[in-house]
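Q: Residues per chain are reported as follows:
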Amino acid sequence: MVNNRNEYSSTKRNWIAGIIVTAGLFLLPFILTNFGKTGEYWIWVTTEMIIMGLFAMSLNLILGFGGMVSFGHAAFFGVGAYTVALLMKKAGVSLFFALAAAPVVAGLAAAVIGWFCVRLIGLYFAILTLAFSQLLYMIVFQWYTFTGGDDGIHGIPRPEFLGPLNYYLLCLVLFIICFLIMRMLVNSSFGLTIRTIRENLERAKFIGLNVRRFQWLNFIIAGSFAGLAGGLLTELNRFSQTEFLHWSKSAEPILGSLVGGMYSLLGPAIGSAVLIFMKIFLQQLHKGLVEIWAIILGLVLLVVVLFAPGGLVGIYEKAFKKS
Amino acid sequence: MTIQLFIFMLVNGLSHGMLLFIIASGLTLVFGVLRVINFAHGSLYMIGAFLAYSLSTLLTTGTLQSFLLSLLLVPPAVALVGFVLEVLLFRRVYREEHLLQLLLTYALVLILDDVVRVIWGGDPRNVARPEIFAGSVDLFGMALPTYNVFVLLVGPVIALGMWLLLYRTRSGNLIRAAVWYPETLGALGVNVSWVMTSTFMLGCWLAGVGGVLMASLANIDLGIGMEKIIESFAVVVIGGLGSIGGALLGSLIIGVGITVLQLPFGRWALVFPYAVMALVLILRPWGLFGKPER
Amino acid sequence: MPEAILKIEGLSKSFEGSQVFNDVNFAIPEGELSSIIGPNGAGKTTLFNLITGYHVPDKGKILFRGTNIAGMQPFHIVGLGIARAFQRTNIFPRMTVLENVLTTVISARKGNLSLFAPFRNHDKDHERAYEILENVGLADMASRESGTLAHGNQKRLDIAVALALEPKMLLLDEPTAGMSPEERWHTVELVKGLWEKLKITMLFIEHDMDIVFGISQKVRVLCYKTILAEGTPKEISSNQQVIEAYLGEEV
Chain V
1 MVNNRNEYSS TKRNWIAGII VTAGLFLLPF ILTNFGKTGE YWIWVTTEMI
51 IMGLFAMSLN LILGFGGMVS FGHAAFFGVG AYTVALLMKK AGVSLFFALA
101 AAPVVAGLAA AVIGWFCVRL IGLYFAILTL AFSQLLYMIV FQWYTFTGGD
151 DGIHGIPRPE FLGPLNYYLL CLVLFIICFL IMRMLVNSSF GLTIRTIREN
201 LERAKFIGLN VRRFQWLNFI IAGSFAGLAG GLLTELNRFS QTEFLHWSKS
251 AEPILGSLVG GMYSLLGPAI GSAVLIFMKI FLQQLHKGLV EIWAIILGLV
301 LLVVVLFAPG GLVGIYEKAF KKS
Chain H
1 MTIQLFIFML VNGLSHGMLL FIIASGLTLV FGVLRVINFA HGSLYMIGAF
51 LAYSLSTLLT TGTLQSFLLS LLLVPPAVAL VGFVLEVLLF RRVYREEHLL
101 QLLLTYALVL ILDDVVRVIW GGDPRNVARP EIFAGSVDLF GMALPTYNVF
151 VLLVGPVIAL GMWLLLYRTR SGNLIRAAVW YPETLGALGV NVSWVMTSTF
201 MLGCWLAGVG GVLMASLANI DLGIGMEKII ESFAVVVIGG LGSIGGALLG
251 SLIIGVGITV LQLPFGRWAL VFPYAVMALV LILRPWGLFG KPER
Chain U
1 MPEAILKIEG LSKSFEGSQV FNDVNFAIPE GELSSIIGPN GAGKTTLFNL
51 ITGYHVPDKG KILFRGTNIA GMQPFHIVGL GIARAFQRTN IFPRMTVLEN
101 VLTTVISARK GNLSLFAPFR NHDKDHERAY EILENVGLAD MASRESGTLA
151 HGNQKRLDIA VALALEPKML LLDEPTAGMS PEERWHTVEL VKGLWEKLKI
201 TMLFIEHDMD IVFGISQKVR VLCYKTILAE GTPKEISSNQ QVIEAYLGEE
251 V
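Which chain is which? The protein sequence lines are V, H and U, in order. Using the working numbering, read the first sequence as starting at 1 and increasing by one per residue. Using the working numbering, read the second sequence as starting at 1 and increasing by one per residue. Using the working numbering, read the third sequence as starting at 1 and increasing by one per residue.
No lab work stands behind these hints: they were computed from the structure. Even for Gly, the Cβ is constructed at its ideal location relative to N, Cα and C. Certain hints may be false.
As the list claims (entries may be wrong) - Label-pair ranges, simulated between beta-carbon atoms:
1. V:Phe281 to H:Arg91: 32 to 40 Å
2. H:Trp268 to V:Gln284: 51 to 59 Å
3. U:Gly41 to H:Leu139: 57 to 65 Å
4. H:Val190 to V:Gln284: 47 to 55 Å
5. H:Ala187 to V:Val21: 50 to 58 Å
6. H:Pro124 to V:Ala23: 49 to 57 Å
7. U:Tyr246 to V:Phe320: 56 to 64 Å
8. H:Ala187 to U:His76: 53 to 61 Å
9. U:Gly41 to H:Ile3: 39 to 47 Å
10. H:Leu139 to V:Gly92: 53 to 61 Å
11. H:Val190 to U:Ser238: 45 to 53 Å
12. H:Pro156 to V:Trp115: 37 to 45 Å
13. V:Lys279 to H:Asp123: 22 to 30 Å
14. H:Leu160 to U:Gly41: 35 to 43 Å
Claimed, not checked - Not the full set, but computed from the structure, chain V residues with beta-carbon under 8 Å of chain U:
15. Val173
16. Phe190
17. Leu192
18. Arg195
19. Phe206
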């Protein structure tokens, strides 16, 4: 029998595993630096994994916990990215201030867009989020003088002390902080409320919940975290581009959430890391395999949708429960 | 801007609108019966376009025979792809939540688009127009491309054909009944899953027709599937999901809107479908022709 | 006669041109246990939907303790003190029985915006939730996933969720629908017991006339788009109009 008091909070075993993995993640770059160019490449890859993991987790606050399918989450990722890019490149603001501004600006964007979107449910919600994000994409794409349009914004400065290794550590620390905040959120009364609405939106109204208000707040929170992720990726790449707002970018956290497991907090991050790793692994295995990466991704997704909608975490939990 | 230029753009816009209608009506038809919004509809349309290209290279391109043969063979081929997809995949998720259905069709987009890339590559292609459509028609002293006028006329023919099929035949009655009373239909001994499969195939057939027509209208490349599926979303949102008449109106609005707005706004006109879509969803989420769910 | 807790004046409602209610009037005194009966399609559930804000009336007033609640949002009406349990089981299936009640307890004290404190550590909420579960006899199933409960227990959980709102008035839409005869009487006893214990106003829809006449203080008959008759069980069971209305249905 499931003891649901522990549904999202970790058991003792999970705590130990968590500490070991965290310690490993902190040590990893120090080991990798000994491997020259390859090591540096892998530090870059793992930094990207961390950032995209944060992005996926942010989406999952509305997707898995809130039951709201958004096809436009990249809008907030992109807003965060361009906030950092524009503030640093055009206004000469320092990195830390820019990184602090990213979630705020993205949260504001989410407040505006979300205000309209939460009035709709299900499919219509999904389409409206898509419409808004594509609208934003088109604007960034067309507004050449401000956003650089198709070319994006390049050459974003990086403070001296933030080499690849230190930047990795910065991202990791921020990831852990965000994870802990999100963990508190999903375990709080607010988190329970959000799950209540996911489970039965109509009934939720009849237990006195102003459903739209809570969905809106959740949407804003999710948008803010996405904005931070976007800002971090911009600084990692040292450029921002329209791709960050494109609908295909919105798909990435969905895929990650689904593969990792959208009914858990960490699942989406694990899922995105697995997908990024898989892509690189296939590249190493055979160049031709990356040519058909989308086909492979699609097939993975098909299998997950049809046979394991709980994702990797779901599979793990099933196996764990049976033993 | 002269009146003539405006008329020219209008005719152009109407023909793009009609092409969009052919594609979007398939999407909305499938949604109406299957309650699944098929993201991969645009990919199927793209497959149709590239099949038309391949067929034209096998035949003497630019002849009427080759064009008609494409129109005859390609849409059924796309419908066949649809048959396989419906039976193997879609059928399994009708009872699942929206999320999983959407993700399934999204997975198909990834797969089908990449298959097209692997087979045909990323270069833009086009199919020469058959001679009799290659020229232009004189209207109000302006030369309008004959082919555009032809596409403009095919749209109403398809609309009429669908209306006759849905409202004047037994199969059409079944399809319409499946929209409103699927359980009752099943209880009456109708093979509902067959109705669903054939509706899906009909939707794919329409996507195929759209593809063939597109191949000679403009360049085709790997982006056309996504472009048209998003425009089709705008169309069905405007017209109301599941409404064919709404799809006709929505297509004309979007087709004409994008084309005509290009005059004053240039590429900013591409924002139009998204803006309309957002506006309709905010003000009247069930569309102009649809009914509110409650 | 005590003050009316709910007073309905001139209520009318149509759906797509067909009228469901035409000028419905009645008042429910505070603390009453009463029932609404009527032939199929008379609009009993629709009446509940109008009172709880699921539908907006075309005309008329719904006065709850003096406030006109007609057209208010459901969550607002709940906040004023009207709770309902549903005809078709309507719970939060992938949450535990305890969580179903807990989330409602939190909602009742407007604690949903507590973003960081774990809801599991709030002892008062837990005590309250367990108390309610005891009341409906589900305490020993607290940690079960609610969607896996038997039908009868799900209906009782639905009632528990409504009770957790500490309503002043409780609307029960066929609390015994789909239950076996023994379960039915068990639930009826439960409802009656709760009414005696909590001293709240209860209004329920029921098909089983034995139950209706067995526990209601007052019965209202909904027919021909309005309240056809109103009275004690005895009065209603001998009312000629009511008998005809029901006979008309059965022929």
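Q: For each hint, tell me whether it holds in the structure or not.
A: Here is how each hint holds up against the structure:
1. V:Phe281 to H:Arg91: 32 to 40 Å: This hint holds: roughly 33 Å between Cβ atoms.
2. H:Trp268 to V:Gln284: 51 to 59 Å: 44 Å, violated
3. U:Gly41 to H:Leu139: 57 to 65 Å: Distance hint for U:Gly41, H:Leu139 holds at roughly 59 Å.
4. H:Val190 to V:Gln284: 47 to 55 Å: With Cβ atoms ~54 Å apart, the hint holds.
5. H:Ala187 to V:Val21: 50 to 58 Å: 55 Å, holds
6. H:Pro124 to V:Ala23: 49 to 57 Å: Taking Cβ atoms as reference, H:Pro124 and V:Ala23 lie about 53 Å apart, which means the hint holds.
7. U:Tyr246 to V:Phe320: 56 to 64 Å: About 57 Å separates the Cβ atoms of U:Tyr246 and V:Phe320, which means 56 to 64 Å holds.
8. H:Ala187 to U:His76: 53 to 61 Å: Given range 53 to 61 Å: violated, Cβ gap about 41 Å.
9. U:Gly41 to H:Ile3: 39 to 47 Å: 60 Å, violated
10. H:Leu139 to V:Gly92: 53 to 61 Å: 58 Å, holds
11. H:Val190 to U:Ser238: 45 to 53 Å: 49 Å, holds
12. H:Pro156 to V:Trp115: 37 to 45 Å: Holds, since H:Pro156 and V:Trp115 (Cβ atoms, about 40 Å apart) stay within the stated range.
13. V:Lys279 to H:Asp123: 22 to 30 Å: 25 Å, holds
14. H:Leu160 to U:Gly41: 35 to 43 Å: 40 Å, holds
15. Val173: Where the cut-off is 8 Å and the nearest Cβ of chain U is about 20 Å from V:Val173, the hint is violated.
16. Phe190: 5 Å, holds
17. Leu192: 5 Å, holds
18. Arg195: Result: holds, 6 Å to nearest chain U Cβ.
19. Phe206: Because about 6 Å separates V:Phe206 from the closest Cβ in chain U, which is inside the 8 Å limit, the hint holds.
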